[in-house]
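2 protein chains.
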Amino acid sequence: MDNTSKFPLVVIIGGGFGGLEVAKKLADAPVEVLMLDKHNYHTFQPLLYQVATGSLEAESIAFSLRKNFSGQKNFRFRIAEVSAIDSENNLLDTTIGPIAYDYLIIATGSTTNFFGNKEIERFAMPMKSIPEALNLRYLILQNLEEAVRTTNKDDRAALLSFVLVGAGPTGVELAGSLAELRNHILTKDYPELQKEEMKVYLVDFLPKVLGPFSDEGSNAAKEFLTGMGVEVLLNMKVESYDGKEIKFEGGKSIKTRNVIWSAGVMGVVPEGLSKDNLERGNRIRTDGSLRLNGYNNIFAIGDVAAMITDKTPKGHPGVAQVAIQQGQHAAKNILHILKGQPTEVFEYNDKGSLATIGRNKAIADLGKLKFQGFFAWLIWMFVHLISLLGFRNKIVVFINWVGSYFSNNGGTRLIIRGFKREELSKKDEQVSVPD
Amino acid sequence: MDNTSKFPLVVIIGGGFGGLEVAKKLADAPVEVLMLDKHNYHTFQPLLYQVATGSLEAESIAFSLRKNFSGQKNFRFRIAEVSAIDSENNLLDTTIGPIAYDYLIIATGSTTNFFGNKEIERFAMPMKSIPEALNLRYLILQNLEEAVRTTNKDDRAALLSFVLVGAGPTGVELAGSLAELRNHILTKDYPELQKEEMKVYLVDFLPKVLGPFSDEGSNAAKEFLTGMGVEVLLNMKVESYDGKEIKFEGGKSIKTRNVIWSAGVMGVVPEGLSKDNLERGNRIRTDGSLRLNGYNNIFAIGDVAAMITDKTPKGHPGVAQVAIQQGQHAAKNILHILKGQPTEVFEYNDKGSLATIGRNKAIADLGKLKFQGFFAWLIWMFVHLISLLGFRNKIVVFINWVGSYFSNNGGTRLIIRGFKREELSKKDEQVSVPD
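Residue numbers (full-length UniProt numbering), protein chains in the order written: chain A, 1 to 435; chain B, 1 to 435.
Among the hints, erroneous ones may be present.
Note: identical chains are not told apart, hence a pair may lie in one copy or across any two.
Pairs of lysine to aspartate or glutamate, DMTMM-like flavour, derived with a Cα cap of 25 Å [claimed, not checked]:
no.: 1; residue 1: K73; residue 2: E196
no.: 2; residue 1: K38; residue 2: E132
no.: 3; residue 1: K199; residue 2: D102
no.: 4; residue 1: K153; residue 2: E245
no.: 5; residue 1: K195; residue 2: E231
no.: 6; residue 1: K188; residue 2: E81
Don't read these hints as lab results, they were simulated from the structure.
Full structure from sequences and hints, please.
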C-alpha cells in the first residue's frame, strides 16, 4: 500500500485502548492514519469474563473499528497481521503485503504467558480475546452438558470443577461470575445437577488475591469470594496440568477438566526489532517519550511497552488507563516532532483500580479513597458502561445487567460454535464443530 | 438414557417452532418430555437475514432451550443428533447413545436444497441456521475488505456483486437488507468504495417475486426492490456456479464471488424410516392426525412433515405458523391417545404472510386485508418482536431497530470468527481462521 497523500503516514498496529487514542488524537493533524488489526473490531477486554460465562453476548463488548472512525477523513483501516518490522526501510511485512510508514505506533497489546509450559498451554484455557472467551464459554457449557449425562462420580466431579489460576482482576472476576452461575442458575438450567457438585477454585502463588490492590481491597475480595463459595488457595504454585488433573508443588492436586489460566501476560512483538529492545514480559523498551531507543519514528504504547526511566524502572502496569494515556501522549509527541518541537516525557496519572466479584460486591481503590461492596459496585458499573464504545453497546449491556440483577437468571449461555473435546489441544487455531 | 418415571416418555427431536409448542403444551400432562437438539438454543429463523448482514447480533435471535423450559418439571433437554430411528423397538440412535421413547415427535425442520448440484452446493452460501448466517456475514464483510485492497477492476466488481438465488421471503429480505447496506453504510465504512460499485441481483426461475403472495404484494415488493437499486431477474434458471461466475440457461452470466442460495428446502429426515414414508422435498408423510402411516406413536410436524389428505394433497407450506399449530395439535393428539380418545384431524388456520424489504417497506397479505409499505412494515415489526423468545431479546432487537432507523448506520458488522477463502468449500464443516 502506498501513501499517495502529501502528508506523512502514521501506521498504528492494533486497535486496542492505546491504538484508538492515537488515531482519535490525530484526527485533525496534518497526517494520514492507517490502523491495522487482525480483527475488524475493538475489544473491551475488561468484560471478556462476562462473555466467557455467558452473561453477555460477544458483540456487546466489541465495536467495529471502521464504524468508530467513520467520518474521520484522514483515517484508513485494514484487517492485517504484521509479521515483521523493517525499521531500516520504514516498511512492514503484513498478511496483506508490504506497507510503508513514516511513523509507527506499536500497540499490539499482550497475550497469555504460559511461561514456557507447553503442556499447560495445550490444556488450560486462556482468555485474552473474544474468540478465546467464546471457546472458554463453550468449554464450560459443554462440560455442564456432559456432566448431566455422566454417571461415574469421579468423572462428573472433574467436569464440574473449575480451577482459575491467577488471582488478579481476571481470575477474581471469573471466580465470582462462576460462583454466581452455580449459586443462582445451575439447578434452574440443569435440574439433574446439585449446586454442591460444582466447585470453583481460585489459585495464586502469591499470599493474597488482587496483588496490586490495597490490603483492605484484597482482604474484602477474598472474603466476598469465600462467602460465595469459592475456595481461595494462596501460596500455591502450579506444577502441571494434563487435561485431567492439576498438580501443585507440595503434593496437592485437583481432578478437573476446566483450568483457566490468567497467571501472566507477555507482549505481542512483531519480528524485526533487536532483542536488546525487549524487557521482562516480552515488552518493548521505550524512553520517556515512548519512542524505542535509537529510533526517531517508532513508538510503543500500552501492554506491549515498557517505558523504562529512572522514575519508572519497571515500566507501567498493563491496564487500560496506561494504554489510553500513552496513546494520547504518543500522538502528542508525533505532533511535536512534526512541528520541530521537543518531545515530552510521559507521566502516568493513576486513577485507581476497580474489580468486581459479583452482585453488589466490588473493590474500588481510588488513591486514598477506598470502597468495598455496594458503592464500589456502582462505581465499577458506571465506569465500565461509560467506557464501552457505542451507544447501542452501552444500552444493551445495561439491559443485560438490569435483567440479571432482577431475575438472577440473566445471560444467554448459547453454544453457537462449540468444539469437540479432542480438538481442545488445537484451541489456538479455532475449534468449532461442524454445523 | 432410561425413563425411570412411571409416566410415558415423549421424545421431541428438534427445538424449532414446532418442537417448542409440543413441549409447552405437555407441561402439565402425565408424561415426561425429553427434547433433543444439536444446538442448545431455539433459532428465530425469520430474522436470520439480519444476522447475515450484520444488523443483529446472533444471540438476539437465539434463545437457550434449557432456560426457556427452566421450571417445567417434566421437561429434560440434551444436546444430541439423532442418526436413526428404530421404530420396531421404539429406540433412537443418537450422538449421546441410545434413547428409548414411548411417543416420538419428529420436528427436525428443513435444510437448504441444492437439488443435487454439488458444485453449487460447494460454492454458494446457504442460510438456514445461525452458524450459516454468520458464515454468510463473514463472507460478505471479508469480500468488502478484499475489494478495498483490490485494484484489478474485474476482480473488484466480482467481489462487490451479490447474487441471491430464490425470490421467496428469504431472498427478498436479504436483497433489501444488502441494498440498504449499499445505500446507507457502504461509503461510511469503506470510504475507498463507491456506492455504484456494489451490485445486488435477485434471481428466480418463476415470473414473480414472493411466489405464494398476492399479485399486489408481489408487484409492490418488486417495485420496492427496484427502487432501492436491486436488479430483479425473473424467469432465469441457474445452470452453474464455480465460485467465480454464475451462469444461467440462455447464456447470461454474472461474475460474482457471492452467491446466496435460498431457492429451495428439503426435510431433515433421520435414517430408519421407510422411503415409502417420504414425499416431495424429502418430507415425511403423515395422516390427518399428524402420525406417520402405520405408526401409533410417531408424529411429524413442521417443515419436515407433509400431511397428505384429500383436502391437503401437497401438505402445508413450510412456515412457522404451520409448525406452531401442528406442534400444539400433535401434543393434543397425544393427550387424546393417553385418555383412550380418538385423535383429531389437523386444520391449518392461515393467518397470512409477511415480508419486509426495508425501512418503511413491507408486504402484508392477511387474508382479504392487504397492505404494502409503512403500515405493513409496522405490522411486520410488531409480529416479529412479539414472536421472539425472551424479554431481553425483544428489547435488544427493538433497540437495534430504533438505532438503525434513526442513524441509518445501525448494526455491528463484526467478523468474530471469519474464514479463509480457501476453506469456503468446507463451509459445512468449520471455516474459521485461527484466532
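Hint check:
Taking the closest pair of Cα atoms, K73 and E196 come within 25 Å of each other only across two copies (21 Å); inside a single copy the shortest separation is 57 Å, beyond that limit. Both within a single protomer and between protomers do K38 and E132 lie at most 25 Å apart by alpha-carbon distance, with minima of 14 Å and 22 Å respectively. Neither within a single protomer nor between protomers do K199 and D102 lie at most 25 Å apart by alpha-carbon distance, with minima of 54 Å and 37 Å respectively. Taking the shortest Cα distances, K153 and E245 sit within 25 Å of each other inside one copy (15 Å), while across copies they are farther apart (57 Å).
With identical chains, the CA atoms of K195 and E231 are at most 25 Å apart within one copy only, with a shortest distance of 15 Å there and 58 Å across copies. For the homomeric pair K188 and E81, the shortest alpha-carbon distance between copies (24 Å) is at most 25 Å, but the shortest distance inside one copy (43 Å) is not.
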